[in-house]
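Produce the entire structure from the sequences given, and follow the hints as far as they go.
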Amino acid sequence: MATKKPIYINGHFMTQSMTGIQRFSYELCKAMINAGEEIIVLAPRKVRPEYQLNCKIIKFGVFNGVLWEHLELLILLLNKRKPLLLNFGSPGPLFYKNRIVTIHDVSFKKNPKWFAWYYSLYYRIITPIYAKRSHKIITVSEFSKSEIQKWLKISDDKFAIVHNAVSKEIKPEEQDTPIQKGKYILTVSSLDPRKNIVNIFKAFALNKNKDLQLILAGKKSSMFNFKENDEVKIKSIGYVSNSQLANLYKNAIAFIYLSYYEGFGIPPLEAMSFGCPVILSDIPVFKEIYNDSALFVNPDNLDEINNAINRIVNNERLRTNLISKGLKKSQEYTWEKSAKIICDIINKNH
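With the first letter of the sequence shown counted as 1, position 1 gets the number 9 in my numbering; the numbers rise by one all the way through.
The hints are simulated quantities; they were obtained by calculation from the structure and are not laboratory data. Keep in mind that a hint or two might mislead.
[Said to hold, decoys possible] Computed cross-link-like contacts, BS3-like style, restricted to lysine-lysine with a CA-CA straight-line distance of at most 27 Å: (1) LYS227 with LYS191; (2) LYS333 with LYS356; (3) LYS258 with LYS161; (4) LYS90 with LYS179; (5) LYS295 with LYS88; (6) LYS227 with LYS117; (7) LYS348 with LYS176.
In structure tokens, the structure reads:
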């Protein structure tokens with residue numbers, strides 16, 4: 009059932025390139041619009057062109073970052089008589105009470121060294137404040153919920169689990185042929201230290217299959233403290249379009265994703281949706297989300313990682329089994345289901 013009032017959404021995410029959190033924000037906005045909700049997005053003036061939403065978007069202010077969110081957005085909300093603000097990415101004005109926030113994970117608390125010092129410090133300071141002052145906290149897995157609760161001691165009934173899903177915009181096109189031909193293992197990631205890219209490449213260096221390639225799609229971010237290792241040759245193809253990404257998933261012999269810490273992890277689900285068998289680190293959140301649809305390895309055991317690669321490459325029966333289970337898993341999560349949970353939350357808090 010649609011909500012009676014328009015839903016105001018913090019559109020700060022629309023100034024950022026579309027990676028995990030931004031994709032989550034964008035897809036939920038689209039799904040809510042498709043469900044008949046009246047959405048009003050409040051955004052800085054410099055919105056990126058990839059965000060195409062069929063709804064009212066109010067662009068305002070002179071800033072793009074923290075000052076826009078904590079000052080200019082606050083002033084606008086006060087002028088609009090303090091409506092409920094829905095935040096999918098960044099939290100909104102620090103001391104604004106009438107809001108719902110999303111906390112994807114607490115990696116900045118778990119290991120501050122994974123991030124630039126100012127980033128982890130900022131979120132360690134503001135997260136306890138806005139989390140306790142919000143009506144509801146959305147998070148993306150039971151694991152993330154448990155991590156937030158351990159840290160902030162917030163009651164169970166304040167949380168709602170809203171899963172990620174696969175975007176319909178990620179689809180192959182004939183003109184976008186695979187960027188690398190032949191057999192290859194694919195990983196999709198920024199060079200965030202917690203993504204454990206270094207061990208993927210070290211393990212792959214042990215592989216004796218000379219016909220096998222390893223491809224990294226994604227770009228480096230100044231947000232993270234990543235030190236390149238001279239012994240590891242990173243074969244990066246940089247940022248790719250949605251259709252190129254779809255073709256990479258579709259034509260890879262396997263997808264590998266060995267994060268140390270995640271709130272959910274969208275790329276493995278995308279890979280599964282294109283019939284690509286997946287190798288994952290054996291961290292709790294991946295066991296929760298993906299259970300028996302992936303091959304799990306110790307992210308620090310190079311021999312185990314290399315053996316998993318060889319098993320998938322050489323064992324057709326295993327590949328077929330993982331492909332079948334992965335396709336079923338990818339269909340369990342949809343943006344429509346997640347948007348319905350959001351709408352139910354808003355109906356109770358509007």
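Okay, the hints, checked on the actual structure:
1. LYS227 with LYS191: holds (22 Å)
2. LYS333 with LYS356: Outside the cut-off at roughly 36 Å; violated.
3. LYS258 with LYS161: Violated - the C-alpha atoms of LYS161 and LYS258 are around 43 Å apart, more than 27 Å.
4. LYS90 with LYS179: Violated - the C-alpha atoms of LYS179 and LYS90 are around 40 Å apart, more than 27 Å.
5. LYS295 with LYS88: Violated: LYS295 and LYS88 sit about 44 Å apart, past 27 Å.
6. LYS227 with LYS117: It holds: about 24 Å lies between the C-alpha atoms, which stays within 27 Å.
7. LYS348 with LYS176: Status holds; Cα separation ~17 Å.
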